[in-house]
Amino acid sequence: MATEVPDPHQLHAALQTAVLKCSERCLYQAAKWAAEALTSMPPLVPQNDTPLPQTYLHPTSSHEKEAILQAGELPTYLLSKSYFDVHEYDRSSAVLANCKSSKSRFLHLYAQYIAGEKRRDEESEMILGPLDTAATQNREVQSILSTLEAIFTEKGDNINEDDSWLLYLYGIVLLKQKNEDEARASFIKSVNLYPYNWSAWLELGSTLGNLGDLNNILQSLPNNIMTNIFVLYSNQELYQTSDPVHAQLADLQTIFPTSAFLKTQRALLYYHAREFDEAETIFDSIVKADPHRLDCLDHYSNILYVMERRPKLGFIAQLASATDKFRPETCCVVGNYYSLKSEHEKAVMYFRRALTLDRGFLSAWTLMGHEYVEMKNTHAAIEAYRRAVDVNRKDYRAWYGLGLSYEVLEMHYYALFYFQRAASLRPYDPQMWQAMGSCFDRMNRPSEAIKAYKRALISPTNTSPDTAVLLQIGLMFEKLNNQKEAARWMEMCLKEEDENSGVTQATSKARMWLARWEFVNQNWAKAAEYANELCQDGQEIEEAKALVRDLRSRMEVGKM
Amino acid sequence: MSRYLTSGKIALLALVELYAESRFPNQSVVPVLSFVIRHLVSPKENTAFILTLEHIKSATLHQPSAVVGRTIFDLLLKKLWEINSFDALHTFFANIQTYLIEPEHADKSPVRVHGEKSMLSRTSVLGCFVRRAALEYVRLQFHDAVSLWRSFIAYREPTLAMWKKRNLGAGPMSFDVNLKGLGFGDGVVGVVYGRGKESRDCTVSTDDVERLLEFQVESMQRMGTRIPDDMQVQLRQMLSTNVTIPALTHYVEFLNSWRSGDYPGSFDNLHRYFDYTMHNRDRTFYQYALLNLAILQADFGCYRESILAMQETINTARENKDMACLNFSLSWLYHFHKAHPQDCPDVISSRMERESLQFLKAKAKEGGMHHLQSMAHLSEAKQILVGGESIPAAFESILRSSHLNVTKNIHNAMGSQILLQSSLWSRMGISYLSWMNCELFLSKYRVNSPIEDVVKALCRSAYITDEALERLDQVDQECLRTLKVYQYWATYVGLLKLRQAMYKFGPSHHTGDTAAAELLLQQLSASPYVEPDCALEIAICRLDLLSRRGNYSAALTAITQLSEELVRDRADIYHRIRVMIIKADLLSKCGRTVKGLSVAISAATIAWRSRLLPALFQAFRTIANILIHMGEFSAAYSMMDNIMPQVLECEDAYLNAQCFSCLADAQMGLAGARKGAGRNECLHRALEFIDRGFAEYSRIRDARSQMTLMSQKARIQDFTGEKSLRDDAVKWYKQLKKGS
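Protein chains in written order, with full-length UniProt numbering: chain R, 1 to 560; chain U, 1 to 740.
Since the hints were derived computationally from the structure, they do not count as laboratory data. A quick note: this is a predicted structure, and the numbers were derived from the prediction, not measured. Be aware that one or more of the hints could be misleading.
Said to hold, decoys possible - Capping the alpha-carbon separation at 27 Å, the derived lysine-lysine pairs in DSSO-like fashion look like this:
| hint | chain 1 | residue 1 | chain 2 | residue 2 |
| --- | --- | --- | --- | --- |
| 1 | R | 376 | R | 394 |
| 2 | R | 288 | U | 180 |
| 3 | R | 341 | R | 325 |
| 4 | U | 338 | U | 363 |
| 5 | U | 365 | R | 341 |
| 6 | U | 117 | U | 180 |
| 7 | U | 497 | U | 180 |
| 8 | R | 341 | U | 737 |
| 9 | R | 325 | U | 408 |
| 10 | R | 509 | R | 526 |
| 11 | U | 723 | U | 675 |
| 12 | R | 341 | U | 444 |
| 13 | U | 117 | R | 341 |
Said to hold, decoys possible - Covered stretches of chain R (in silico footprint by chain U; criterion: 3 or more residues with CB under 8 Å from a CB of chain U, positions within the stretch not fixed):
| hint | stretch |
| --- | --- |
| 14 | 300-313 |
| 15 | 318-332 |
As the list claims (entries may be wrong) - Quick partial rundown of chain U residues pointing at chain R, CB under 8 Å, derived from the structure:
| hint | residue |
| --- | --- |
| 16 | 82 |
| 17 | 85 |
| 18 | 87 |
| 19 | 88 |
| 20 | 92 |
| 21 | 135 |
| 22 | 143 |
| 23 | 173 |
| 24 | 174 |
| 25 | 176 |
| 26 | 177 |
| 27 | 184 |
| 28 | 187 |
| 29 | 191 |
We put the CB at the ideal spot given by N, CA and C, even for glycine.
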């Protein structure tokens, strides 16, 4: 990992070139990212000795042979690019069919790929309609793959910076064929050859399933500032919210002080750590600085949703809709708003719209699943979650949602699997473990349930244990016929009540249990104490009163 | 954008909510609620198309509320300004529904307890309004809801100053709570609310626009007027907001171009309208499309096409069992057949004769179509009159129709009925009643009647009275915006002018102001679409002009042709008699007195049989003239003398004048036969008649006839030797000659 701070002039020039290179290869998102990074750096102090910036319009290749080829093919290339810009992908691809330079070959194949994607979208059925399966494939992939393989075998080891783009495309098509390892290798090669293509980094990130994967590839990444950004981004995506990550982010922000991207990463880190207020403040400042920016606004809406900030969520929805009604982010924000207002049909409509605009839009799939759960349409919910997981295997909410849905359908064994996946993504989230515990409980596996519940007690943010979990552990021990242990946990639960949480349903239940237990053990006085406390607490009064009466009569009998 | 909701409706909803919260003291409930309900139930009767806060303010500012020291308007302001974000608006709509009684508790009758939340029944006017508003809000897409919210902000903005008085914290940014701490310069505000806050999207909703269009259709279809140009511009501006415009607008366009006489435009728009409505009304409205087409064709004079379209209409209506349409088409076809018999194919003519009115009457009664039934009765009366049959029967029919109009409250049939009655009176020679009928109609039924009837009445009453042209000029120019009505009016004006021109004494002794008359006549006969009665008047004027110029042979040919046409078309008996009389006059002038006499006598017989008294007297006058020509002076005199009182009752100046001159002629003839005192007596009587005739002629400004009378007078005075009086007469004569 690169640690030294790069020379701002060099970085400036590199990013400037990257913007031009990406945009002339029609990688618009990467160009946008690079340009944003460029402008988020502090402005350079102009130095007297440097000449005025050269024209970067067509950054020539550093390799002479390639440069000559490119120069010869420039007119055709320009024609092809202009076709691409007006969305005539097939034509754009066809123009460059016989070109030899890497640049032209890339655009040729990339246009073909995009044409295939477009056709795939057109062939897909209505979102979650009866004929809508995730199976519709990009039919160009195979031919692109074979062409690329031919090119690489022809070149052998003789590859240079210009071929990084081809490697990137190679990775994409491999990924389409679910060939993740080779794809990852291809992306790593690509970013090593040319690190400023953010799209390649993003794709590389999408191949990482867990922290281990990230640690495995760290060694093979280039020594570049981009690697730092990538590592930070991947950590965020993998829900790592530890202090080193924050520190790394702070380092990067000294280089790109005004970067909205980095700010968003910070906000998302807070979001993953459930520190919503901080996340909200950061998003607020982003919105204020650039009201037209819609990127990641769906996450902001999730935050506001959790915080139940209705007016603000409505306002953000208004803002997004004023900028662009037909962006998936906007639709998600609006959908979240309607969901918060308990208008689930409308919410589903907007999520559906988001997915029609972009089938790979992860949040929308997950949120749609949530809506279907609310509407008691469990089967649809399962399908929506499944699609979310297919798009991105790192979304713990989708895994968790799948588990919950199966639990509703009383298919606990299934549910367990999904809770395990969710818990592996969020190992410190008690919610996951709790769900898993209850699953084990339902399946009559109390000892596993106890383990899961005990895991749920370990929470990095919340130091005091949850009374409900304590109660559950107690009940599990009861199931194991270990009454004493059970009583111990119940007492812990009551202790927790005194110290922190106050009376809850769980503690009342624990007290009731204890009262009964003492009753069975014929500890009348103790039982009466618990029962009387219960009558004061105001929960389960009737049962407690009956117990008190019973106790009195028995105690009178005992006195006599 | 929005179908129903507007900012004004939100304000009304807020008022309803205040009411449901029992914030109105008893004395304010009625005035405020009636204000609300007036805007909900009959918005058409309100002068304002858009309900502004100013209107609400004036209605509620002086109504105290249940809170001491606050008016209802204060509470309303509070309520409106508490909607301080898009989310609050959403909540407002969700909340308002909680004031509705749940269907399961509906059987318990709600008792209003003062100070408590009072529930609205789901089917009450307010309940329906609340439900509809809430439903419409749910239907809105997100961005539509946002634009409603933005228009609401703009709507509420003027009251900021008032709100500030009560609420010191309020500032220019307090319209949205999310903007706390921001200024107008912030980018966020710019993105969300736009820099200029220019949105006026939801000030009108499709509902309002529909109301507007329906009003236009009603005024154009029922009343037959067109909307003034500046108002049209205004309406178009209202429609140019981006609300969804209902297809009705094409119908409005169609009516507009139809009334303005734009033939291709009206076709285009009619087809467009039906194309756009096809998908939701399907073929069920096909017959109405055809019906409209048929009427349109007829209006533009394409009678053949029109008949074909109407036949198709009838067939389709029969197929679809649409009795209303069928009856209307049959009645229309009947009238069309009456008006244009020569254009009807024989099949239709024969069918019309057989089935005709009895059928229509029965059907209309069966279907409860009172308007049509009343019209059928009128048609029956008309038919009786045209055929010259029993007058009491005609009266009976008119009475039936009138009864229907009164009992069933059919305003717009009133015009036709009164007009028919007026023409009946005038045919019976009771001009005063006829004129009074017209006046009655104009003063009492003008507002609710089709403009065509109004103009007809105006023209007719103008024709009767002296200051005709002045009266016609008084016609509201707005009425004449419709081409057909304008043509009718113009024809009448032209006729009157033609008359005047003919009566004037022209530069040469015999011809009168022929040049002007010729020109007018040409103009009048050039217009292809004139009503049958006007056409006859024009033809008579032409004959008059020809005979005044002494071109008797041409006049004779013309009159023969005219009477043949009338017979062929089975025209009105009255018209036929008039032509016969003119023919008799012409014949006598040509010296074929015996033939003239026989024509005149037969005309008189028919006129008597049909009780067409003015025509009868005219015929008598002609007979008397012929008798005078034949030297039967005493017979002529006694005949005229006997009918004179009744003639005077007719109040027809022209007829009176002619009768007087006829009497004078008879006296002159008698004078020739007597000697001495008898002769002098006759001469003086003749002089008296001449004076009276002169007076009548001067009423209609017939200078030429006046001159003739004056020269007669001068000659009589000359004979009797009263020089000074003779000189006076000569002076008059010269003055008249100069004056013209």
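To see whether the hints hold, each was checked on the structure:
1. 376(R) - 394(R): Roughly 25 Å between the alpha carbons, so the hint for residue 376(R) and residue 394(R) holds.
2. 288(R) - 180(U): holds, 12 Å
3. 341(R) - 325(R): Between residue 341(R) and residue 325(R) the Cα gap is close to 20 Å, so the pair holds against 27 Å.
4. 338(U) - 363(U): Roughly 20 Å between the alpha carbons, so the hint for residue 338(U) and residue 363(U) holds.
5. 365(U) - 341(R): Violated, at about 57 Å.
6. 117(U) - 180(U): The given pair, whose Cα atoms are some 33 Å apart, is violated under the 27 Å limit.
7. 497(U) - 180(U): Given that 27 Å is the threshold and the Cα spacing comes to 77 Å, the pair is violated.
8. 341(R) - 737(U): Measuring from Cα to Cα gives roughly 95 Å; hence the hint is violated.
9. 325(R) - 408(U): violated, 56 Å
10. 509(R) - 526(R): With a Cα-Cα distance of about 16 Å, the restraint between residue 509(R) and residue 526(R) holds, given a limit of 27 Å.
11. 723(U) - 675(U): holds, 21 Å
12. 341(R) - 444(U): With Cα atoms ~59 Å apart, residue 341(R) and residue 444(U) exceed 27 Å; violated.
13. 117(U) - 341(R): holds, 24 Å
14. 300-313: With 4 residues closer than 8 Å to chain U, the stretch 300-313 of chain R meets the three-residue bar; holds.
15. 318-332: holds (count 6)
16. 82: violated, 12 Å
17. 85: holds, 4 Å
18. 87: This hint holds: residue 87(U) lies near chain R, its Cβ roughly 4 Å from the closest one there, short of 8 Å.
19. 88: holds, 7 Å
20. 92: violated, 12 Å
21. 135: violated, 13 Å
22. 143: holds, 5 Å
23. 173: violated, 13 Å
24. 174: Violated, because the Cβ-Cβ distance from residue 174(U) to chain R comes to roughly 13 Å (cut-off 8 Å).
25. 176: holds, 7 Å
26. 177: Since chain R brings a Cβ to about 6 Å from residue 177(U), closer than 8 Å, the hint holds.
27. 184: Where the cut-off is 8 Å and the nearest Cβ of chain R is about 13 Å from residue 184(U), the hint is violated.
28. 187: Holds, because the Cβ-Cβ distance from residue 187(U) to chain R comes to roughly 4 Å (cut-off 8 Å).
29. 191: holds, 4 Å
Checked against the numbered hints given earlier, the structure breaks hints 5, 6, 7, 8, 9, 12, 16, 20, 21, 23, 24, 27 and satisfies all the rest.
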